[in-house]
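Got chain A sorted already, so can you dock chains B, C, D, E, F, G and H with the ligands onto it with the hints?
Protein chains in written order, with our numbering: chain A, 1 to 216; chain B, 217 to 432; chain C, 433 to 648; chain D, 649 to 864; chain E, 865 to 1080; chain F, 1081 to 1296; chain G, 1297 to 1512; chain H, 1513 to 1728.
Any given hint might turn out to be false.
[What the hints assert, rightly or not] Straight-line distance between alpha carbons at most 27 Å, and here's what the computed DSS-like set of lysine-lysine pairs gives:
#1 A:K111 / B:K300
#2 H:K1727 / F:K1160
#3 D:K728 / E:K1079
#4 E:K1079 / D:K864
#5 C:K562 / B:K346
#6 A:K84 / B:K327
#7 C:K648 / G:K1380
#8 E:K1080 / D:K728
#9 F:K1296 / H:K1642
#10 E:K944 / E:K1079
#11 A:K216 / B:K296
#12 G:K1511 / C:K512
#13 E:K994 / D:K864
#14 G:K1512 / G:K1380
#15 D:K732 / E:K944
#16 H:K1592 / F:K1296
#17 B:K327 / B:K296
#18 B:K432 / B:K256
#19 A:K130 / B:K432
#20 E:K975 / E:K1079
#21 F:K1164 / H:K1727
#22 A:K84 / A:K130
#23 D:K778 / E:K904
#24 G:K1336 / C:K562
#25 D:K863 / D:K688
#26 C:K647 / C:K516
#27 F:K1164 / H:K1728
#28 G:K1512 / G:K1336
#29 E:K1080 / D:K778
#30 A:K80 / A:K38
#31 H:K1596 / H:K1727
#32 A:K215 / B:K432
#33 C:K543 / G:K1512
#34 B:K300 / A:K215
Hint data in this document are derived by calculation from the structure and do not stem from the laboratory.
There are 8 protein chains.
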Amino acid sequence: PATFIDHQREERCGYPEVIYGLHKSAERILSASREILKLKTNVLISRINQEKANILITEFPDAFYCETAQIAYIGDFIQKFDSKLLIISAGTSDESVVKEAYYSALAFGLKPTLIQDLGVAGLHRLLAYKDELSQADCIIVAAGMEGALPSVVGGLTTAPIIAVPTSVGYGANMEGVTTMMAMLSSCASGLSVVNIDNGFGAAYAALRMIKTFEKK
Amino acid sequence: PATFIDHQREERCGYPEVIYGLHKSAERILSASREILKLKTNVLISRINQEKANILITEFPDAFYCETAQIAYIGDFIQKFDSKLLIISAGTSDESVVKEAYYSALAFGLKPTLIQDLGVAGLHRLLAYKDELSQADCIIVAAGMEGALPSVVGGLTTAPIIAVPTSVGYGANMEGVTTMMAMLSSCASGLSVVNIDNGFGAAYAALRMIKTFEKK
Amino acid sequence: PATFIDHQREERCGYPEVIYGLHKSAERILSASREILKLKTNVLISRINQEKANILITEFPDAFYCETAQIAYIGDFIQKFDSKLLIISAGTSDESVVKEAYYSALAFGLKPTLIQDLGVAGLHRLLAYKDELSQADCIIVAAGMEGALPSVVGGLTTAPIIAVPTSVGYGANMEGVTTMMAMLSSCASGLSVVNIDNGFGAAYAALRMIKTFEKK
Amino acid sequence: PATFIDHQREERCGYPEVIYGLHKSAERILSASREILKLKTNVLISRINQEKANILITEFPDAFYCETAQIAYIGDFIQKFDSKLLIISAGTSDESVVKEAYYSALAFGLKPTLIQDLGVAGLHRLLAYKDELSQADCIIVAAGMEGALPSVVGGLTTAPIIAVPTSVGYGANMEGVTTMMAMLSSCASGLSVVNIDNGFGAAYAALRMIKTFEKK
Amino acid sequence: PATFIDHQREERCGYPEVIYGLHKSAERILSASREILKLKTNVLISRINQEKANILITEFPDAFYCETAQIAYIGDFIQKFDSKLLIISAGTSDESVVKEAYYSALAFGLKPTLIQDLGVAGLHRLLAYKDELSQADCIIVAAGMEGALPSVVGGLTTAPIIAVPTSVGYGANMEGVTTMMAMLSSCASGLSVVNIDNGFGAAYAALRMIKTFEKK
Amino acid sequence: PATFIDHQREERCGYPEVIYGLHKSAERILSASREILKLKTNVLISRINQEKANILITEFPDAFYCETAQIAYIGDFIQKFDSKLLIISAGTSDESVVKEAYYSALAFGLKPTLIQDLGVAGLHRLLAYKDELSQADCIIVAAGMEGALPSVVGGLTTAPIIAVPTSVGYGANMEGVTTMMAMLSSCASGLSVVNIDNGFGAAYAALRMIKTFEKK
Amino acid sequence: PATFIDHQREERCGYPEVIYGLHKSAERILSASREILKLKTNVLISRINQEKANILITEFPDAFYCETAQIAYIGDFIQKFDSKLLIISAGTSDESVVKEAYYSALAFGLKPTLIQDLGVAGLHRLLAYKDELSQADCIIVAAGMEGALPSVVGGLTTAPIIAVPTSVGYGANMEGVTTMMAMLSSCASGLSVVNIDNGFGAAYAALRMIKTFEKK
Amino acid sequence: PATFIDHQREERCGYPEVIYGLHKSAERILSASREILKLKTNVLISRINQEKANILITEFPDAFYCETAQIAYIGDFIQKFDSKLLIISAGTSDESVVKEAYYSALAFGLKPTLIQDLGVAGLHRLLAYKDELSQADCIIVAAGMEGALPSVVGGLTTAPIIAVPTSVGYGANMEGVTTMMAMLSSCASGLSVVNIDNGFGAAYAALRMIKTFEKK
Ligand SMILES: Nc1ncnc2c1ncn2[C@@H]1O[C@H](COP(=O)(O)O)[C@@H](O)[C@H]1O
Ligand SMILES: Nc1ncnc2c1ncn2[C@@H]1O[C@H](COP(=O)(O)O)[C@@H](O)[C@H]1O
Ligand SMILES: Nc1ncnc2c1ncn2[C@@H]1O[C@H](COP(=O)(O)O)[C@@H](O)[C@H]1O
Ligand SMILES: Nc1ncnc2c1ncn2[C@@H]1O[C@H](COP(=O)(O)O)[C@@H](O)[C@H]1O
Ligand SMILES: [Mg+2]
Ligand SMILES: [Mg+2]
Ligand SMILES: [Mg+2]
Ligand SMILES: [Mg+2]
Ligand SMILES: [Mg+2]
Ligand SMILES: [Mg+2]
Ligand SMILES: [Mg+2]
Ligand SMILES: [Mg+2]
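Excised from the complex, chain A in its bound form (with noise of 0.2 Å):
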């Protein structure tokens, strides 16, 4: 068979198996749910486009499908810890990226408050923020065209900071890689940076945090 589903990855790795939707068929991505649903309680489905989700729908009526985020679940979203996730955005054009951390984070049961629109070209927005930014655990930081929002964000906060280069902007941007190295070069200390729109691993790598250190 085409598809060999690691059943042990919640044990190992904290969250079951993710169906990656992109390259796949309808098909594809319905016999592997299938297959996890067998083991599992629920499936989240990532980059999974409309057109696939309808099909998705029609076998299982209750799943949960965002057309921005490009997410699909199967199941209930169920809170299961108490650290604060805080998703913010430099832009409206960020959307669909920031949508697949959130509804990730929901599906792993973290619990996430998405702010969006605060880049750097009007900095009183992202000020307007700080307490939310002071108390956050764990900061998504999601931005394109420059990227300069991790940066700023890391020079006044001590929380841990993920940021997610967003492919928003044209020419020089390269599609986000200009986003994405710049991220990487950061002068504030401690950024840590995920592929460009990676909103789900972005989630994920909030979901590892939280999930060893609540844990302890």
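Just chains B, C, D, E, F, G and H with the ligands now, kept in the frame of chain A:
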């Protein structure tokens, strides 16, 4: 003056300003050190070569200096946090990077353990440390060449993983750019990545996490 | 005429000219196929989409076509060699590439076995096939994203390994360029690499090896 | 002869030809200087190292030379324009670049003020100079690493901003290419950018602006 | 909400927030427009395609829209500044970019003149406009391919020059990256550069300059 | 107006302005054609697709159009030069490029011969045309993939060679960038190279050579 | 300790761990050599310069060292395999790479023949060795610049071909990256490629093949 | 032996094998020179530094050597062709490249004229040589930075133009890669381009042209 020390950085970001020595003259490093020591009891200097370190040590004879790590530290190493920080590398050639992470962590008051040369070409070496992996609260994984080690570690543990690409390799490795891009593209979920050879940044990311969660 | 068939290629290189369909019109593919079939009993066409394949099948109704692999084959699949060719992939998403390798190998008269979805994020999946790995005479390893699988396989076996980077991934993956560069930088010794998504080329490299050594 | 001095450049472009010393021998620099001084009363030489400068000074003992800026100037610094040119940098490591801008501006007859080390990791440093920012007629902003400073300045002021990426950083910084690309992708509107480390060019852009508008 | 309008931007940066339409839905564009029009009398929208513009025009039937420039503007075009802004292009193919600059400038209250198709392959075309060049207070120069036009203009005038690389070209042009890099490497001194195809940004840079200097 | 036809181009550069259709609307192409035909008896249009060509042909029913080459020509093809121009390609997939060169050459009055599919994987195909190679006065060599053909031709002949990289290939071929870079790095001396897929430019380079030398 | 020797590598991968000397101090190389020699009778060290080799030879006076190849070997060269390994290069400048391959092959117990300077600019040189080509069981082909040689060899033989790009060239060659990308894009089928200048890896790929097939 | 001289190259390609000295030892250069001089009366060596040249001159005291051009020549410079080869450069800094072209041309028996420092920042310098441009049979145009000069020359003349990008510049110039890409993207038709700094290759391209056409 050329330098404007950020004296509130510890309050905001969890650690005082660290001097980045690479593009600075010994003189600039010295004056910045003196400036920081007016208000703080210790100062960390990264990317400082032997020649500049010698000048520093003339004025501060008790300063710690590790040439492999290119790190100098004036002050006492005092452990302030209990979480287990595991630092591992893929090969002996990554030594300078993991030592930069190690001594930075010591300076931050963290409790690091360093295990080197666990690359995936001989998997049994990593598997011999399964206990250390599963007990760690945070894992820094440095690797050069194709940068596969963090993916494998990511598939074995729940702990937060900070991947550090190193510039070890040649040709297609592109001085670590390939390693970095590979780590950002990892099939293991929830890794986050810092700049090439940035052992310091990895340790700082660990500090943000540990300081935030231990404080709770 | 636009096409000059190299009728001696089998004698020189071990297999007749294969038609690369990507940039050719259906008409050009058809006339080249007819030209080759004047002197040979079969013809292999790679990178041919469904639409062009339909036209081909109108003229050659017995032709084999696999849309996933984008491969067409006119003639019989006849096994000519006994060596064990193992083809493995890291994920379900790599399916089109390993199927291109698989059907090319069949057309070449090789004896391929295909096992999919053995990526390093769940190492036990690969380790479950240790016997297959150690008995193989040649291993084709396809992977996308960070391309770690060939390094791990390289550390487990003596057999020749042909690594195939796939364009599965996004962002820092750079449509497979990162995967390819990573495989070329592998810490495991003696891997060799073919072009991104080049399942056909990997199978041909296996053919060169097996034909040369079995002939002895 | 190897050099063809453009004696009308001042009339056309606002300033006589400047000698770009990087790829020229001391001898070529000397003969070009003599040639320019036949018709003009001063000459500016950029990218000239200490060794070549020493030879220049033997012939022109009153020449000004700044090693940090790699700039030599034969003649008097005479202020000709009243507009306020503010030059700021993100870090001490950018010193050579802002000094190249500063001394070029002095040679051009501009009225520059230089303030260093105002990087976004400690925003209060920049905000302490809000008055200088709002009173400036033109602002040159130099930064390395992720190059976020011009975006933040761009969000705080109406003045024209010339962003200068510096090659300060390592790894993903790509010797300033990332910084440059980031600045060109800025979310703040109306920034314009010059080449990496091109303090001279930034000052010249200021000269074009100030000379044109003061003349009116 | 997904959008957080920066209502103080005009006071700080000289012009109200402009809506960047490329990655936004028609609905997001509409709600942001309404939000801005609560406090301002006009709104500028860049990178908005015909389809989204149609929806906008349904609500704001008097809105201006230029498909070539992908610009929409709700409000009156009122000239507020007297400085001469000259906008020139190298070829007919650059039309969309210079029109973006032209209509942005009109919306900003500037006084732009547009002359197209003056590329260096037929120098007499540019030289026919020597008067316009020498009388301009600011020149925006757009070019694709090798981007030579700004260098030639830079050698003919004292005025400030804002170079706009366009994505016109193919192959080695790299969708305008080559043009942009070439402009940044210009042998003519004092050019400054904006992002590829960024006519809007060039006009904004002109606004910063003209507003600052006319105000004096 | 958007277009400023360079009516003296033939006198200066040997051939009237050619309309580059890729980024132009049918309407712009038509008006430029009419403008050129006011003073010249024919006009060449490159990179014009079938749809735009249809509109052109409505007005100029005698126009020549080749969809493969994306070339339109209004006027008569009249041979004006006697030198032998040989155009060869490595594969059938390069057809559009060599046809662009071929029809451009015809329009220029040159005497081209076209031989396709002589790639180095079957050297005897090229060697079968040794006479044509040695009698040619100028050779255009188009190849995609690794671009080896010009090097081999360069080692067999004295004639001037214009190498045309094509975008035929995938993955590591980088849409022809690899081919182009390889040709520029050729071990055969005295090759010169034009842009990727630039059959038109190659023919024009031949025109410059032949026109200059036949005129003598 | 910094080094964790993989003592089972020979059993798993066909040859003991080889010490990669490039980023290691002489001291680290020495201690790793001693560690390996505890269990094995010989040790191979790659990328070791003259200075480090001198220190090695002080302790192991019988060690073999070739400065051109940057290879040291402690132990006896004993032939263990009968297959014919042909190593060829395009030019004299590739000497260091083919010698790295040659001495690695000798250390592995293979039977290599080395023929240099057979580049495609003078095809008769390669054709003079047609017998050697057709009798070889495996061919390593090293070339720099445009890397055309493996394609030509690939079109002449059935044997497995391992292409080694070298960093010989300048400018567009990009320190061998162009060569590598070109080889991966070869029009000849079934070539596989190793890293730039990786003579060692090519020999190891030959070892995997020969060891596996001779064992049968 | 490491070197296999191609003694028939003059008969095939118009000039005997030239020794590329960059990656060769003095010893290899010497033995290749001796080998060529067995059958020919002169030998050209490119990219040979002063140190290696000194050793060459010890054996061949009459050898010509130009350090700027890094060219050595053993034999007499004898003019064999009458066509006018014009070599021009944009700046003094391009001197080494145009001198490489100049001395190569002399060695080839061509009749070159060299005019330096005609860059587009001061157009009148080029226009002062309009007669030389219009009388030339072939023009080599070297430029660094943005590489605009060939485009301007291309718009002024009918003669064949060989553009040579030089590595003069910094930052965005990417060591000449930007210049090269820009030249390949020129808006002037019919330019052809050689590798970065490849003055030798440009002269050889001129030789191919002139030899072929003068022979007729
Ligand atoms: N020339 C070489 N090129 C690439 N890899 C090598 C080379 N020589 C040895 N290696 C491998 O590189 C790895 C280096 O890891 P380490 O020496 O621990 O940094 C080991 O697995 C070696 O077997
Ligand atoms: N949005 C995502 N980005 C990156 N990786 C993902 C994403 N979603 C799932 N994955 C992981 O990607 C891998 C895909 O492998 P496969 O689905 O077998 O091709 C699995 O390990 C998934 O857990
Ligand atoms: N196929 C082609 N490739 C490159 N340049 C071309 C081509 N066809 C025409 N050109 C030239 O490209 C320039 C285009 O400028 P414009 O048409 O005004 O945008 C003109 O100078 C044309 O002569
Ligand atoms: N620091 C600098 N950066 C860029 N261009 C410069 C610099 N200094 C001078 N230039 C210009 O670079 C060109 C160099 O040409 P040349 O000196 O003839 O090689 C001249 O037009 C100078 O005005
Ligand atoms: Mg916004
Ligand atoms: Mg090791
Ligand atoms: Mg899977
Ligand atoms: Mg600082
Ligand atoms: Mg035009
Ligand atoms: Mg063919
Ligand atoms: Mg040779
Ligand atoms: Mg000059």
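Hints and how they fare:
no.	hint	in the structure
1	A:K111 / B:K300	holds (25 Å)
2	H:K1727 / F:K1160	holds (21 Å)
3	D:K728 / E:K1079	holds (21 Å)
4	E:K1079 / D:K864	holds (13 Å)
5	C:K562 / B:K346	holds (21 Å)
6	A:K84 / B:K327	holds (25 Å)
7	C:K648 / G:K1380	holds (11 Å)
8	E:K1080 / D:K728	holds (17 Å)
9	F:K1296 / H:K1642	holds (19 Å)
10	E:K944 / E:K1079	holds (11 Å)
11	A:K216 / B:K296	holds (17 Å)
12	G:K1511 / C:K512	holds (21 Å)
13	E:K994 / D:K864	holds (19 Å)
14	G:K1512 / G:K1380	holds (17 Å)
15	D:K732 / E:K944	holds (24 Å)
16	H:K1592 / F:K1296	holds (17 Å)
17	B:K327 / B:K296	holds (8 Å)
18	B:K432 / B:K256	holds (25 Å)
19	A:K130 / B:K432	holds (19 Å)
20	E:K975 / E:K1079	holds (16 Å)
21	F:K1164 / H:K1727	holds (14 Å)
22	A:K84 / A:K130	holds (14 Å)
23	D:K778 / E:K904	holds (26 Å)
24	G:K1336 / C:K562	holds (26 Å)
25	D:K863 / D:K688	holds (21 Å)
26	C:K647 / C:K516	holds (15 Å)
27	F:K1164 / H:K1728	holds (11 Å)
28	G:K1512 / G:K1336	holds (25 Å)
29	E:K1080 / D:K778	holds (19 Å)
30	A:K80 / A:K38	holds (22 Å)
31	H:K1596 / H:K1727	holds (15 Å)
32	A:K215 / B:K432	holds (13 Å)
33	C:K543 / G:K1512	holds (16 Å)
34	B:K300 / A:K215	holds (14 Å)
Checked against the numbered hints listed earlier, the structure breaks none of them; every hint is satisfied.
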